[in-house]
Amino acid sequence: AQSVAQPEDQVNVAEGNPLTVKCTYSVSGNPYLFWYVQYPNRGLQFLLKYITGDNLVKGSYGFEAEFNKSQTSFHLKKPSALVSDSALYFCAVRDKGASGGSYIPTFGRGTSLIVHP
Amino acid sequence: DAGVIQSPRHEVTEMGQEVTLRCKPISGHDYLFWYRQTMMRGLELLIYFNNNVPIDDSGMPEDRFSAKMPNASFSTLKIQPSEPRDSAVYFCASSPAGVSFYEQYFGPGTRLTVT
Chain G
1 AQSVAQPEDQ
11 VNVAEGNPLT
21 VKCTYSVSGN
31 PYLFWYVQYP
41 NRGLQFLLKY
51 ITGDNLVKGS
61 YGFEAEFNKS
71 QTSFHLKKPS
81 ALVSDSALYF
91 CAVRDKGASG
101 GSYIPTFGRG
111 TSLIVHP
Chain C
1001 DAGVIQSPRH
1011 EVTEMGQEVT
1021 LRCKPISGHD
1031 YLFWYRQTMM
1041 RGLELLIYFN
1051 NNVPIDDSGM
1061 PEDRFSAKMP
1071 NASFSTLKIQ
1081 PSEPRDSAVY
1091 FCASSPAGVS
1101 FYEQYFGPGT
1111 RLTVT
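Here the protein sequences come in this chain order: G and C.
Sequential numbering of the first sequence, starting at 1, is according to the numbering used here.
Sequential numbering of the second sequence, starting at 1001, is according to the numbering used here.
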């Protein structure tokens, strides 16, 4: 079974400050991890993914995420937040499992990021 | 590529009426997903197709919901009869085939309001 948790419903940060949006996961095998962003009245857009290799993954719009296997986390980060980063952020996981892959992703509930001017 | 196309963008209907939502996936993508998003339940996977064949419809809430994919470029999600609790944003997404680590490409969504 696979699951993902986003412990914060909302994150508030001042423009120019670093931001972190948290994500933890549970899988039986190795995870494929994704971050998506949803702007108002839009569909979800892919930001970045971890498949294998380097634990620090860089994505669109200056975002990055760090895979931490021991803590089963995949937190989204950005060194300097912009007001335009204000949106809903979703973490998703797929469990590669022991006998192959599950194609059905599990999405978190989403975290609303609000960047204040 | 125009991306995933959904129509209509907004739908307002009365309880008991039939509603049909439409989706055109990205050309060449073999997987198609239907999701529903509400404040209360977040993003829910309703059904997904592989090469036009429904693979898992365990997320479809009731028999009032049905989905079809008659060809690689078109899918429909139908609600008959509709109820106020069906009000939500419905997203279609598509993804390439082959391995399970491809990201999904989402359409703009259809905002359904049932009065």
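These aren't lab readings, by the way, just hints derived from the structure by calculation.
From the three backbone atoms N, C-alpha and C, an ideal C-beta is built for every residue, glycine too.
Misleading hints may appear alongside valid ones.
[To be verified] Using C-beta positions, here's what the derived DEER-type ranges look like:
| no. | chain 1 | residue 1 | chain 2 | residue 2 | range |
| --- | --- | --- | --- | --- | --- |
| 1 | G | 56 | C | 1097 | 23 to 31 Å |
| 2 | C | 1080 | G | 17 | 44 to 52 Å |
| 3 | G | 20 | C | 1078 | 29 to 37 Å |
| 4 | G | 61 | C | 1007 | 23 to 31 Å |
| 5 | C | 1062 | G | 41 | 37 to 45 Å |
| 6 | C | 1084 | G | 70 | 24 to 32 Å |
| 7 | G | 18 | C | 1084 | 36 to 44 Å |
| 8 | G | 41 | C | 1052 | 40 to 48 Å |
[What the hints assert, rightly or not] Now the stretches of chain C that chain G is said to cover, found in silico as 3 or more residues with beta-carbon under 8 Å:
| no. | stretch |
| --- | --- |
| 9 | 1010 to 1017 |
| 10 | 1023 to 1029 |
Hint numbers the structure violates, sorted upward?
-> 3, 5, 6, 8, 9, 10
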